[in-house]
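Colleague: Assemble the complex: chain A is given as a structure, and chains B, C and D must be docked to it using the hints.
4 protein chains.
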Amino acid sequence: MTLPGAKARSAQEPWIDWTRVLFANYSKVRSQTENLCLPLLIEDYGIQSMPDMSPPKWHLAHTTWFFETFLLLPHVKNYAVFDPAYSFLFNSYYESQGSRVERSRRGLLSRPAVSDVYAYRRHVDEAVAQLLQSLAGTAVTEIRETVTLGLHHEQQHQELLLTDIKHLFWSNPLRPVYHQHRLHEVLNPGPLEMVQVAGGLLEVGVTPSERPDDPFTFDLERPRHKIHLSDFKLASRAVTNGEYLEFIQAGGYQDPSFWLSDGWATVKAEGWQAPLYWEKSTLGWQMMTLSGMRRVQESEAVCHVSYYEADAYARFRGKRLPTEAEWEVAATSASSTVGNFMESSVYHPISPTSRESGESTPAFDQVLGNVWEWTSSPFQPYPGFRPLQGAFGEYNGKFMINQMVLRGGSCATPREHIRPTYRNFFTPSTRWQFSGIRLASDST
Amino acid sequence: MTLPGAKARSAQEPWIDWTRVLFANYSKVRSQTENLCLPLLIEDYGIQSMPDMSPPKWHLAHTTWFFETFLLLPHVKNYAVFDPAYSFLFNSYYESQGSRVERSRRGLLSRPAVSDVYAYRRHVDEAVAQLLQSLAGTAVTEIRETVTLGLHHEQQHQELLLTDIKHLFWSNPLRPVYHQHRLHEVLNPGPLEMVQVAGGLLEVGVTPSERPDDPFTFDLERPRHKIHLSDFKLASRAVTNGEYLEFIQAGGYQDPSFWLSDGWATVKAEGWQAPLYWEKSTLGWQMMTLSGMRRVQESEAVCHVSYYEADAYARFRGKRLPTEAEWEVAATSASSTVGNFMESSVYHPISPTSRESGESTPAFDQVLGNVWEWTSSPFQPYPGFRPLQGAFGEYNGKFMINQMVLRGGSCATPREHIRPTYRNFFTPSTRWQFSGIRLASDST
Amino acid sequence: MTLPGAKARSAQEPWIDWTRVLFANYSKVRSQTENLCLPLLIEDYGIQSMPDMSPPKWHLAHTTWFFETFLLLPHVKNYAVFDPAYSFLFNSYYESQGSRVERSRRGLLSRPAVSDVYAYRRHVDEAVAQLLQSLAGTAVTEIRETVTLGLHHEQQHQELLLTDIKHLFWSNPLRPVYHQHRLHEVLNPGPLEMVQVAGGLLEVGVTPSERPDDPFTFDLERPRHKIHLSDFKLASRAVTNGEYLEFIQAGGYQDPSFWLSDGWATVKAEGWQAPLYWEKSTLGWQMMTLSGMRRVQESEAVCHVSYYEADAYARFRGKRLPTEAEWEVAATSASSTVGNFMESSVYHPISPTSRESGESTPAFDQVLGNVWEWTSSPFQPYPGFRPLQGAFGEYNGKFMINQMVLRGGSCATPREHIRPTYRNFFTPSTRWQFSGIRLASDST
Amino acid sequence: MTLPGAKARSAQEPWIDWTRVLFANYSKVRSQTENLCLPLLIEDYGIQSMPDMSPPKWHLAHTTWFFETFLLLPHVKNYAVFDPAYSFLFNSYYESQGSRVERSRRGLLSRPAVSDVYAYRRHVDEAVAQLLQSLAGTAVTEIRETVTLGLHHEQQHQELLLTDIKHLFWSNPLRPVYHQHRLHEVLNPGPLEMVQVAGGLLEVGVTPSERPDDPFTFDLERPRHKIHLSDFKLASRAVTNGEYLEFIQAGGYQDPSFWLSDGWATVKAEGWQAPLYWEKSTLGWQMMTLSGMRRVQESEAVCHVSYYEADAYARFRGKRLPTEAEWEVAATSASSTVGNFMESSVYHPISPTSRESGESTPAFDQVLGNVWEWTSSPFQPYPGFRPLQGAFGEYNGKFMINQMVLRGGSCATPREHIRPTYRNFFTPSTRWQFSGIRLASDST
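Chains as they are written, first to last, in the numbering used here: chain A, 1 to 444; chain B, 1 to 444; chain C, 1 to 444; chain D, 1 to 444.
What the hints contain is simulated information worked out from the structure, not anything from laboratory work.
All the pointers check out, no bait thrown in.
Copies of one chain are not kept apart here, so a pair can be met inside one copy or by any two copies together.
Here are the simulated lysine-lysine pairs, DSSO-like style, with alpha carbons at most 30 Å apart:
#1 K319 x K268
#2 K319 x K226
#3 K280 x K319
#4 K280 x K268
Bound conformation, chain A alone (with noise of 0.2 Å):
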């Protein structure tokens, strides 16, 4: 299993300290994933609210059986398996491991007990820091770049984490608190503004230099390639709740002319008649929170809608989502390192024009965090795409069907993990993610 830009490099180069960072890199992240299961009870770990949902104890185990697997299973010499069980259990996917436990029957796995899969995290863990203590001083391309991916899958389990938690906690009529967090001060968003871009024969995607220190990038990323795009507008902010509830208002969920036909069989299908976690009462919308029930903000970016709501949503303003490229053309000029991420610990869209104080304006606010912003690109391979060799194939390629592209991360993104050529993909019907709209129209 060789990862691409695995071959051909020099033994002289400055190697001396790579495990000690990777080793800080990969402590960092396994024990993030474990402070957001703090809040959880033994009771909250094994159950699983819907079929794209999984427990949270399935979520620490799996990202745990990424690393068994994938490092130290082929790496360590006479490595002693934590249980042989749980490659059946905790594989996701990947046929090429063998079989698995079906997807929507992830939840009927009270045993392995939480200590037992905690203590395999440590298991596991302690195998690693030994791997990669032994390691220090040589240049094992390989297992760096396993031990990066690894870490990457595993924020992407942080993410899963906090939307799974969030479902599950909604689908228990007490509505249970995951942490108390003090709601924003409300403010006005202002008006959103339509930003001209400039089209032409221009390039996205990325293409790795093959250095050892290049920033890290998932083989969907790849390769940095032509596109030709013609003038466009992109909005200066994320759609706001206020926003959204005029669509509400104005009867949007009961004018299949808004609608993709698809989507407009699922709104009837499936009752919709406001954003997933929404809830009229005689208050009012009210929405579900990780900080509980709340009182929906006008001011707030809209999430936790679907690509068809944020396609009709889009047609009732008489505009388009942006395509994939054009977001990636306008976000790599407009990206900021501050934002509302996951280690904000707020879990929850702000406002999409919240700034830190000193920020300096930019034409497009919050293109990284708060929210995902759908777009109207299909998930596809990029022209020469090339999926990563063996197992780690089956990462991102097979999915490449039925699937929208979002791009910019959420609050419930990690910070590190996101940038401007970064693809996520969900299918068209999928609202658990915190998943927003940002507006777009051709040029003239």
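Modeller: Structure of chains B, C and D alone, referenced to chain A:
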């Protein structure tokens, strides 16, 4: 709300100790329930492995909700409800008691915590203790009857706890062990004899005498009434695994001529090839038990068969299933106080001819305990049936459709809960109960 | 294959004319079937509007297949099968006769053409005529019984033809008219009286005398056997639309307390608000009839109700449905040779007290004809029931589960087909038959 | 309602004959539709064999409804609607035109009769003739465009008529023959070559010139726009049955590594083992054709494969499917006016290298006709896409989700209907169209 027999009792009766006796019984039954949960991890309490099954936590809470709703709230002035949400969470099907969690969603409730549910039990148990103490020396028939009903209700859930845990553990590829029980020595069950029983104008069912020390019966066992039976034959014992294997090996699951039309459709739709929990391996037939996976013992009573399978097996043998009246007539003389009940802590059928040493030989072995016996009788009201008044009227009457009667109790039934007139009922495709087969035939 | 009563008859009996009589009856019944199809277009013959319903073409062919398979093939030497494929296409459920078209796919057969199916009927009719002619003067009991069974089978399909055409036409927004029938003058049906009937040790069912001129009965009506009944009351007439409307207007379809648990689940799942074929418009309640859409007549017998609705209505009135034994005991004395049968060509229920002029007043109006009456009895074998030998054993016995018995026939039943001992059966949610309600109650 | 290009045309243009030409074309297309129905029995017209398929009667009526609704009603004063109910019965999906029969219920309409539908066609055809006559010498662009759109719409339904009849006949165990066509002589299709095509900044799509004699295009082909392609290779011909059999024999349907995740799930759920209409018998692989069952010919182009199968096959060969832009660039130079189209009356794919005698050798054989070719492009709007105004805006735009583009037409496509820019689209699991495979690969 008045249970039958509540009217017109004289105050002269010797009531002095009834609260003491009742509370002793209450304490015993309530702690039995909790004892059954001792082998569970917290992780085991909340999961629902199929819609017919309920999580252990739900059983613990629902049986408590019963006493809070029907005993404490009506009879204790200023009773402090433990948690108002519980009346919604733990109502089973009492439409008259308001809305409730949909049955198939009982497994989504990670909260309340297991410790909360135990605290709920303590809270209610203390209030019941106080209530009964306060009544010492009085003659409050209605309270006495409600407590008694609640305890019999709780015993039903004790059996369900065991069958539900078995299903939960079977749904887990790890196949956990609930309790380690030594496998019984294999006995040769001896020949199955068809015993002649005289028919005529007979009586079945129970009409209570309205005396307070009357044994408890459910409304569905009432009233005692005349029926006419022809002479018939009933098997001296239940069918064994060994005998049932002959049906399997003779192609019973491949030949529609043995099956009711709906049964054959179910066999094909579900892919049935053997009783529930049986699995064919290279080692031969194995089965899931509450002591883990084990080899199928030919001498044990077959169980976990549906009505369809019981009926097809009978046809394979040129026999039929008994009607519930036939069963009751035969069982009334033959029932024994010893046998394989919940109290044996085997939780698994033994050989259908096993007897305690020194026990005389009845015509019909183990009519009570070991396995429930499917009858050919649909669950219908007896002539003159009157449902209980008020909410208790929903206890049994509204299920009198699409269900078949089973008789005799099983290895998971509390000994005091079962009697020859007891009627259990499940839909004909049900298999997760300890349900077996006793054959019958016409006399000629 | 031997029908009961086939053994040991002496050849001395006066057989001379039986083939003539039988063939006259054959011709009459066969042409009745075709007469029912006269109003159909070719386009109407092939469509299946729901899985329970069969296309008219299928009925025409299947009843013919019955004679070809069970009469001609076994009894006519060198019989030339009309088309070998038909034995696959038009088998209904006889597993012993080989594979068949799945029930829900009967509507996919645009071929054979309607004219082919009529040619099939001609082919078989001629072969039957020749066979019977060749037998004149002999005493071939088995053939006689097979023909007779085939004709009663065909009469059952005559009723199904009418109910299936009604469903087909109702499924079409054009709501075509099958035949134009003048609406009966509206009668006031008069008060419904609960008539006392004496119980005791009684007999129901039929044991044939084994004489060849015995009236035909189905195996499921046999044998005559003892039952014990308490005194009871039975309604003098069926429930009217007007009475049923009171149930609707009292919120009967919104109140779970009237319903069996499965019934209430069905009401909610199917959105039932009234009997099948009723539609509320600005003109009030309308109903589909075989004469097109019409206003609901309050004086007519209510029909197209399921068992669940019949049972709920009875509970609404503080009554219950009769058992089939109660019904049969009461009907045996009360049945009349006149009434609203298929031969009336009304194909719609009239007022439940309508009588032919000059007819004396029986205690129970129209026990035969007009509407089938749901009983509270699940469909079970009588004690001592023996299914017919061979393939005919599949005729009734294998449906003895999950079905409720109806009694008395309807406006779509051939007059000669029905009798007080006749048992019809459908699942409790069935509504497309002409099924109505006669109330009963305990005597005290 | 205005079609694009409708504005600002001068009246001086030479319009004199357009109505004559248009009506000739109208007559030709309308009678082609009816000719396709000549082999049908009345019984074949009304049946729907699966939800995606429509009964022939529905196609005949719906294409007529199109002219009545969009041409006659808006443009003919006092136009007498043939039957007001038809606007409900035969609307396909135009939400703006009111409610309609649910798609899956189109097969329930035994009425109107087939003769009524032909009378409907006569009625509308005469009104169209009169309308066009009345317009001779004028320059009514909108009418001209609506008629033209209606005819292209009808041609799409001609293809569907053929594919739907094929499915209907296959659903019948008799496997009727639609028309008897002599099997083509088996040709050796010759080697498949991967032909190099130069990339760069290229253009695809069409921008109409707004001249009235412009060739017709659909909105979804517009506008012509720049794209950037890398160099690529495209197969000289489509994949044959013989080649596809190698995939089957190599275990392609049993090996998840070839399949997209959703594709593999579909293979398992549907039990796919081969293309639709293939059946393995003791004689080897047979297939349903419109000429009945036949042996699979290895030299013929494979068809009735889903996108999932096309994609898996490409991966099996180490290749990929072309994007629609690649396909269009290559096809634009290579397309021929001869080929296997509807007019050939073969209605079945021939060898992918078959050519008319004397035809020169293009780089790409049969890019038009024979089989549709799946591309790897999801169906999306082109940059700058504008849906048609009014109801026609629902024609294509609202299906731009969850569908993949196919190119090139098939043996069931009218010759004049297809062109290199033509975009067809179906969901990736669709198999009942004549859909095949042309491979592509990256240049390096």
